[in-house]
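Chemist: Each residue of the sequence shown is one higher than the one before, counting from 241 in my numbering.
It cannot be assumed that every hint is accurate.
[Said to hold, decoys possible] In silico EDC-like pairs for lysine to aspartate or glutamate, Cα to Cα no more than 20 Å straight-line: (1) K289 x D270; (2) K277 x D292; (3) K259 x D292; (4) K281 x D260; (5) K276 x E296; (6) K305 x E252; (7) K305 x D292; (8) K281 x D270; (9) K281 x E296; (10) K281 x D293; (11) K305 x D270; (12) K276 x D293; (13) K305 x D250; (14) K281 x D292; (15) K305 x D249; (16) K277 x E252; (17) K289 x E252; (18) K277 x D260; (19) K276 x D292; (20) K259 x D270; (21) K305 x D260; (22) K289 x D250; (23) K259 x D249.
[To be verified] Label pairs and their in silico Cβ distance ranges: (24) L247 x Y284: 28 to 36 Å; (25) L288 x G242: 25 to 33 Å; (26) Q285 x R245: 30 to 38 Å; (27) G242 x K277: 30 to 38 Å; (28) I264 x Y284: 28 to 36 Å; (29) R245 x C298: 21 to 29 Å; (30) I258 x D293: 30 to 38 Å; (31) L247 x K287: 32 to 40 Å; (32) D275 x G241: 33 to 41 Å; (33) Q278 x P244: 18 to 26 Å; (34) A273 x L247: 28 to 36 Å; (35) L247 x R267: 16 to 24 Å.
Simulated from the structure, these hints should not be mistaken for lab results.
The beta-carbon is built from N, C-alpha and C at its ideal position, and this holds for glycine as well.
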Amino acid sequence: GGVPRLLFDDGEVRFVEIKDSRGIGLRAFDVVAQDKKQILKNAYQMKLKVVDDSIEVCGVTVNLK
241 GGVPRLLFDD GEVRFVEIKD SRGIGLRAFD VVAQDKKQIL KNAYQMKLKV
291 VDDSIEVCGV TVNLK
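Turn these sequences into a full structure, and let the hints steer you where they fit.
Modeler: This is the structure:
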């Protein structure tokens, strides 16, 4: 079981089920943030969609770790 994934030296690619009507394509990616608080503040100021520690940019979710 589990999610199919490709492992790399500095990360991984996970292949998950489609959960919206957008079809196939890049849905989200994770980044390690040096200053998560400031990034989220900037995202709010730019009026981007922010949910918890994730920001939506051009239809792609950036998960801050």
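Chemist: State for each hint whether it applies.
Modeler: Here is how each hint holds up against the structure:
1. K289 x D270: holds (16 Å)
2. K277 x D292: holds (11 Å)
3. K259 x D292: With a Cα-Cα distance of about 19 Å, the restraint between K259 and D292 holds, given a limit of 20 Å.
4. K281 x D260: Given that 20 Å is the threshold and the Cα spacing comes to 27 Å, the pair is violated.
5. K276 x E296: holds (15 Å)
6. K305 x E252: holds (14 Å)
7. K305 x D292: holds (11 Å)
8. K281 x D270: holds (18 Å)
9. K281 x E296: Roughly 14 Å between the alpha carbons, so the hint for K281 and E296 holds.
10. K281 x D293: Answer holds: K281 to D293 is near 11 Å, not above 20 Å.
11. K305 x D270: Holds. K305 to D270 sits at ~7 Å (cutoff 20 Å).
12. K276 x D293: holds (8 Å)
13. K305 x D250: holds (14 Å)
14. K281 x D292: holds (12 Å)
15. K305 x D249: Holds, at about 17 Å.
16. K277 x E252: Since the Cα atoms of K277 and E252 sit roughly 24 Å apart, the hinted pair is violated (cutoff 20 Å).
17. K289 x E252: violated (25 Å)
18. K277 x D260: violated (28 Å)
19. K276 x D292: holds (11 Å)
20. K259 x D270: holds (18 Å)
21. K305 x D260: violated (23 Å)
22. K289 x D250: violated (27 Å)
23. K259 x D249: violated (28 Å)
24. L247 x Y284: 28 to 36 Å: holds (34 Å)
25. L288 x G242: 25 to 33 Å: holds (31 Å)
26. Q285 x R245: 30 to 38 Å: Given a distance of about 34 Å, which is inside 30 to 38 Å, the answer is holds.
27. G242 x K277: 30 to 38 Å: Between G242 and K277, where Cβ atoms are some 32 Å apart, the hint holds.
28. I264 x Y284: 28 to 36 Å: For Y284 against I264, whose Cβ atoms are near 30 Å apart, the range 28 to 36 Å holds.
29. R245 x C298: 21 to 29 Å: Since R245 and C298 have Cβ atoms about 24 Å apart, the given range 21 to 29 Å holds.
30. I258 x D293: 30 to 38 Å: violated (23 Å)
31. L247 x K287: 32 to 40 Å: Given range 32 to 40 Å: holds, Cβ gap about 36 Å.
32. D275 x G241: 33 to 41 Å: For D275 and G241 the Cβ distance comes to about 36 Å; the hint holds.
33. Q278 x P244: 18 to 26 Å: violated (34 Å)
34. A273 x L247: 28 to 36 Å: At 22 Å between Cβs, range violated.
35. L247 x R267: 16 to 24 Å: With a Cβ separation near 19 Å, L247 and R267 satisfy 16 to 24 Å, so the hint holds.
The structure fails hints 4, 16, 17, 18, 21, 22, 23, 30, 33, 34 (numbered hints given earlier, in ascending order).
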